[in-house]
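Starting from the structure of chain L, add chain A where the hints point.
Number of protein chains: 2
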Amino acid sequence: MDSLAPASSKAHALQRRYGAAVPAAGPWNDVIAALLEHRSVRAYRPDPLPPGTLETLVAAASSAATSSNMQWWSVVAVSDPAVKKELAKIAGNQKHIEQCPLFLLWVADMARNQRIADAEKTTFETMPWLETFMVAAIDAALAAQNATVAAESLGLGTVYIGAMRNDPQRVAELVGLPKQAVVVFGLCVGHPDPAAKAEVKPRLPQSSVLHHGRYGATGEAADRAAYDKEMAAFSSRNEMQATTWTQRVKNRLGPIASMNGRERLRGILAAMGFEVR
Amino acid sequence: MDSLAPASSKAHALQRRYGAAVPAAGPWNDVIAALLEHRSVRAYRPDPLPPGTLETLVAAASSAATSSNMQWWSVVAVSDPAVKKELAKIAGNQKHIEQCPLFLLWVADMARNQRIADAEKTTFETMPWLETFMVAAIDAALAAQNATVAAESLGLGTVYIGAMRNDPQRVAELVGLPKQAVVVFGLCVGHPDPAAKAEVKPRLPQSSVLHHGRYGATGEAADRAAYDKEMAAFSSRNEMQATTWTQRVKNRLGPIASMNGRERLRGILAAMGFEVR
Chain L
2 MDSLAPASSK AHALQRRYGA AVPAAGPWND VIAALLEHRS VRAYRPDPLP
52 PGTLETLVAA ASSAATSSNM QWWSVVAVSD PAVKKELAKI AGNQKHIEQC
102 PLFLLWVADM ARNQRIADAE KTTFETMPWL ETFMVAAIDA ALAAQNATVA
152 AESLGLGTVY IGAMRNDPQR VAELVGLPKQ AVVVFGLCVG HPDPAAKAEV
202 KPRLPQSSVL HHGRYGATGE AADRAAYDKE MAAFSSRNEM QATTWTQRVK
252 NRLGPIASMN GRERLRGILA AMGFEVR
Chain A
2 MDSLAPASSK AHALQRRYGA AVPAAGPWND VIAALLEHRS VRAYRPDPLP
52 PGTLETLVAA ASSAATSSNM QWWSVVAVSD PAVKKELAKI AGNQKHIEQC
102 PLFLLWVADM ARNQRIADAE KTTFETMPWL ETFMVAAIDA ALAAQNATVA
152 AESLGLGTVY IGAMRNDPQR VAELVGLPKQ AVVVFGLCVG HPDPAAKAEV
202 KPRLPQSSVL HHGRYGATGE AADRAAYDKE MAAFSSRNEM QATTWTQRVK
252 NRLGPIASMN GRERLRGILA AMGFEVR
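Protein sequence lines correspond, in order, to chains L and A. Under this note's numbering, think of the first position of the first sequence as 2, with each following residue one higher. Under this note's numbering, think of the first position of the second sequence as 2, with each following residue one higher.
These are calculated hints, taken from the structure and not from any lab test. Since the model is a prediction, treat every value here as computed from it, not as a measurement. Do not rely on the hints blindly, as some may be mistaken.
A pair counts as met if it fits within one copy or between any two copies, since identical chains are not told apart.
The calculated lysine to aspartate or glutamate pairs, modelled on EDC-like cross-linking and capped at a C-alpha distance of 20 angstroms, are [claimed, not checked]:
1. K198 - E240
2. K86 - E174
3. K86 - E221
Bound conformation, chain L alone:
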């Protein structure tokens, strides 16, 4: 395993992840150290992946929990430069989609279930509900996260691409998805470009996300003020627009325009065979 911090660097790993708000973490090992090292990678070398890497990542993905062992997901592996170029356009020209040698499209796949219903000459009453779509999307997310952990353990970089939902119908066309199958997100996989800086990004203090027994928001305002400072410093160190987290939340959640058309998702899903009642 490349690039694993040794267990002795626990304090350092926690400080990178939380800035000054270091939590009272206990047990530690190399797997946990590797998880703490995650950062999204948006610059890749063009080198292909070692043979069998895709199958290893899918074996990790298949090993994640899945609701009632139903496995309502599948994955399309894209390496064709022309297709990746089109997918990058849909995602607002995210160049890393073109750069990475392997782009994985994670599919909430009820089409497989429909084929089972057809083959068995029966009707599945539970298909058109929000609950069912949500389980499929969550199954896909658990699988993808295992693939991500596996990729990072091999020294590879990844970044999730939610912007596949800017135009799920065009994405489906590009890779031949049938009705009742929709890409919930993409995932770039490749060798990180060593010339590009990729620092671990600080997260909210645990006191803002972890609730003991009952939900509470005491201390949240102070946490947010401290986190705003951490993120402003992070942005400045990483040559991003130096702004606070609060401002980023306002930019992302405030104007409907920030959704890039994704407010139409429910109607689009209906047209793709997911009713989401």
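Then chain A, alone, in the frame of chain L:
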């Protein structure tokens, strides 16, 4: 790391996960071997977890990717036996919820965002959409899966509990969630009871879930027939009702009654402050 298969047991790990349909997996290491070893644990010793375990798991969770660094999730840690007993009832009397020393409730948390909007005296136009709820649920899933990988690396067992969605309002009441916060699933964490058998469960062959460049279903019928045999043998070995996977899919997806009321989720979410337009 306890109970890690050495990298040399790659063939054995793949055979346990896929039965006869062993894929052409390539690179391998101890992290990947640990991911392949996953099995859901439904019997726990009552022993408490080592001090700081919760904080370690949350540090792993916080390290997962999150859409635009928005972190639209939180987690409620439940150890009170009385509360766990009520939560077990909601889940159709799943006794492992009572047994495990730590039960984590993973929350799609737009309430934190609403508090930011209120504090900043602004309106967030992007809140009431399916897209936004889905991102929150996926963020919670990515975080929970990292916590699961971390727990298993420490020799602990886990099992996801989707049945928290049988009654999201009662779950919210039990742990004091505000409006716009909903538990998407629970996660038992604890020391596995060594007396209980927990075999790695086979999954669908990779040829049914992995598509190269374009989606296709050629070979799916043959895959399913082979997998039906694997799962019937697995069920028989594990003293479960010996039935095929196809039959389980029909039982789970066929009758609306199998949803245990979860077909009402969209309306319930609306009552909880998630409009899901």
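Task: Status of E174 relative to K86 across identical chains (alpha carbons, at most 20 angstroms) - done: Answer is within: at 14 angstroms inside a copy they meet the 20 angstroms cutoff, but 48 angstroms across does not.
Task: Intra/inter-copy verdict for K198 and E240 if alpha-carbon distance must be at most 20 angstroms - done: Only inside one copy: K198 and E240 sit 10 angstroms apart there, 53 angstroms across copies, limit 20 angstroms.
TODO: Evaluate K86 and E221 at a C-alpha cut-off of 20 angstroms and name the case that applies: within, between, both or neither.
DONE: Classified as neither: same-chain Cα gap 42 angstroms, cross-chain 30 angstroms, threshold 20 angstroms.
The structure is inconsistent with hint 3 alone, although it conforms to all the rest.
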